[in-house]
Amino acid sequence: MHAAVVVFPGSNCDRDLAVAFEAAGAKVSMVWHKDTKLPDGVDIVGVPGGFSFGDYLRCGAIAANSPICNEVKAHADRGGYAIGICNGFQVLAETGVLPGALLRNAGLKYICKTVGLNVVTSQCAYTEGYSVGDVIDIPIAHHDGNYFADDETIARLQGEDRVAFTYTDNPNGAKGDIAGILSANKRVLGMMPHPERAADAGHGGTDGQALFRALSGVLTPA
Amino acid sequence: MKARVHVMLKNGVLDPQGEAVRHALGAMGFDGVNGVRQGKVIELDLADGTTEATVNEMCEKLLSNMVIESYTVEMS
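Just so you know, the sequences run in chain order A and B.
So the first sequence is residues 1 to 222, counted in my numbering.
So the second sequence is residues 1 to 76, counted in my numbering.
Simulated from the structure, these hints should not be mistaken for laboratory data.
Just so you know, these numbers come straight off a predicted model, no measurement behind them.
Incorrect hints may appear among the rest.
What the hints assert, rightly or not - With a straight-line cut-off of 16 Å between C-alpha atoms, the simulated EDC-like cross-links for lysine to aspartate or glutamate are:
hint : chain 1 : residue 1 : chain 2 : residue 2
1    : B       : K10       : A       : D150
2    : A       : K186      : A       : D77
3    : B       : K40       : A       : D77
Kindly generate the complete structure, drawing on both the sequences and the hints.
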């Protein structure tokens, strides 16, 4: 598995994400936001958490219009895999690769804590290592994680088995308790919680490890 | 020439910041504030001849997120 991790000014989970990919056996290339091309042979693009461009205008809006994001979008349009975590989810939503938007948390506060997630589908490369109904403990750290889409879009996501994770106890007001969603081809995942922060015993939890290991299984040529 | 862009959350999209402002006004003794919606104003200093259509395109591509926001443009 060859993973590219995109770095914007203000990204702060890029190295954590690279370490999680590497621990799952991936070769990792870091890609700068001004780059106009992804490295050859990239199987998956990781859009990391952080505060790209200082969250100016809207979280992820400026990053979504950076040169590398045109390539990330083209990669996703070609059927490539991509995962956006936290700010990365906001970026992928702003590019239109994933539907909906992330609003300010309903309680207006920045929330940093470990939350329970229900695994809603195991029918995608990211969640194959879990079973539907599993509850996993993954940290969140965001101010704008309140997932919003119109009712029709929410119904479509639910109907097409594209909700990957829901919160067991909704911390931010997200519609349908949604914590993570998939693209129509289920190859792009956006999620507010941070699996890369629960991927090593030293993190205090390893429930995120299965996500990266499952990817490695799918994306490694047999 | 200048353009002033107003960006507001669409009706039906919860505006927790506006709600917090409404509560604060009530707590300060201002009665009768039935609702508060908070948005943004963006002022653009533009080259002469820039059309409103171009500003609309800026709004749709960057300045607002059409999933959750609406915008209005005033050219002057």
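Each hint, compared with the structure:
Simply put, K10(B) and D150(A) have alpha-carbon atoms about 11 Å apart, close enough for the 16 Å limit, and the pair holds. For the hint linking K186(A) to D77(A), the alpha-carbon distance of about 12 Å falls within 16 Å, and the restraint holds. Taking the CA atoms of K40(B) and D77(A), the gap is near 32 Å; set against the 16 Å cutoff, the hint is violated.
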